[in-house]
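Assemble chain B onto chain A, guided by the hints.
Number of protein chains: 2
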Amino acid sequence: MPVGTQATVKAMLPRDLHDLGCQILLCNTYHLYLRPGHELIRELGGLHRFMAWDGPILTDSGGYQIFSLGAMRKISEEGARFQSHLDGSSHMLTPEKAMEIQEALGSDIAMVLDECIPPDASREYVRDSTERTIRWAERCLGARRKPGQLMFGIIQGGLFDDLRQSCIDAMSALPFEGFAVGGLGVGEGEDQLYRIGSLTVARLPAERPRYLMGVGRPQDILKAVRAGFDMFDCVIPTRNARNGTLFTWQGKINIKRAEFARDSGPLDESCGCYCCRNFSRAYLRHLYVAGEILSSQLNTLHNLYFYHRLMDKCREAIRVGQPELWPRLAEPDGDAQAQTTQEDS
Amino acid sequence: MPVGTQATVKAMLPRDLHDLGCQILLCNTYHLYLRPGHELIRELGGLHRFMAWDGPILTDSGGYQIFSLGAMRKISEEGARFQSHLDGSSHMLTPEKAMEIQEALGSDIAMVLDECIPPDASREYVRDSTERTIRWAERCLGARRKPGQLMFGIIQGGLFDDLRQSCIDAMSALPFEGFAVGGLGVGEGEDQLYRIGSLTVARLPAERPRYLMGVGRPQDILKAVRAGFDMFDCVIPTRNARNGTLFTWQGKINIKRAEFARDSGPLDESCGCYCCRNFSRAYLRHLYVAGEILSSQLNTLHNLYFYHRLMDKCREAIRVGQPELWPRLAEPDGDAQAQTTQEDS
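Residue numbers (this note's numbering), protein chains in the order written: chain A, 1 to 345; chain B, 346 to 690.
Chain A on its own, in the form it takes in the complex (with noise of 0.2 angstroms):
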């Protein structure tokens, strides 16, 4: 899913995702409740129509974006008190409120409240917080009052076996029409984001979607995918090739090094989207260098191709069942883990 915080993904017009085979998009919640506000898109009709997007949505709850606040928030069992970034006015978000917003926003996947728990947290932090989440999640689905809008509960349980077993077990009891895995990709590192993610997926119902939220780089999403995931949003193909960072199939390339600056070749040889069709990496790099609008768009443009290319490979591997036919990334990029759910705004 790529990421459209502020009701658009950054660069990109609906019709461009759609050419490039976009099935379902992510909306941060926190930032729409902020501006325009979640009753000024209720009253226009919906975020699907203000955002002229007629695929899915997936809204989150608003949660992580909140609990990366820091001092700027609090949290209690009633839910979670914080100061808006852009004026400093204060809110409360509560799991009703979490889900009166995403129901305003109409969008077809609505998550769950839950904390995030940063990974250095004590045990017993993890155990009560995981808790509180069960208890969130359930007054979630008290919330409830929109049909057909689907709902997905969040495993917490932080680097814990057995907490993370017990967050599954009561989790899955609940009537969520799907999974989400939180509190990974947070900077556990890569061997505790393996570890987690293969055993907390595994133990969860195959017949309904499992979401690794906020992961991530292509060796990560390759990796869930075979450890059994089925979902996936990040920033990092959006926010990177504005950053400049472009993804091929023979490895990361930074378009603004001097290398490039007579490059006449494509970007990617071997990839068919619009950028690679038409750009030599000198013209991207020139753009990039001059701080043109257009840099964004088409280094946008390829991210996203790169990365709908990569899950249609998955997809053609799992569907054929041939080892082979996982799609080989270069090498594994050097990127922190970073859990990177929000476009900056």
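No lab work stands behind these hints, which were simulated from the structure alone. Predicted model only: the values in this text are computed from it and were never measured. A virtual CB, placed ideally from N, CA and C, is assigned to each residue, including glycine. Hints are supplied without guarantee of correctness; some may be wrong.
[Stated by the list, open to error] Computed from the model, here is a short list of chain A residues facing chain B with C-beta under 10 angstroms:
| id | residue |
| --- | --- |
| 1 | Met12 |
| 2 | Met72 |
| 3 | His286 |
| 4 | Ala290 |
| 5 | Leu294 |
The following block gives chain B in isolation, referenced to the frame of chain A:
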């Protein structure tokens, strides 16, 4: 002609320019000479291939940008010495150099090097400068090497009828494929623009294209077409778009105004562009207020669509020959005149 200063019409994919009926672009020699360099563009197969635009391209001579540099340039019979706005490096632009650069870029129409005279210049200055512009035009013709590249002469002469006339006499005796009128739309006022524009265009050879440089506002273009001009360039549609000022057949709209916050209607009911067919004024306002790149994309797409339909209507009125078919604008807009032949870089 939309303006593609740095080898891109800001925020527009070439395929979207094509789709809205764009027939020809203007690119800025001064900017491309400094970055990425005309030699590099030649090496990469020329400007068309570099920016993936297969329609015609007109390049200016770079003169206008240099004369706008003020204290950073010095004019002599040989040419104009100037300092780069990017790094302060010193360069000399002669008529021969202006041709060499435009030939390297490979534009379809090259413009001669001229001096764009400020409207408050004395008669003596205008006379001397215009005579030099004529000598420079002859040197440009002498430096011409590239078969198939058209070349346009430029009429100067300030606000003095007799100096305009003698410039027309000298220029139209030279084998140019078209003529441009310069030194208008630079703050001389509407009356002078229309007066000088009309008398100049009426005396130019009607069988060759007549191009009014850097003008401008819809009402100016409409008057100039009726006076006899065939070609225009201006950044108004694109720059205004990025500033949130949008053209409609009911007048100009400043999309950031609070009155549009809940406006579910399209920008212009009668417009068939992608933006008006899909998005509300409320959404366009949200994108602008949130600082989203998509704001520039959709606004530019709309404004260029508006300008192209304006030109379509002019062509149709000329073809049919019925005065009542001339497009009607809602009201003259209050924008200051400004010869704006380059985008910000």
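- Task: Quick one: which hint numbers does this structure break? Sort them smallest to largest.
- Result: Going through the list in order, the structure violates hint 2 alone and respects the others.
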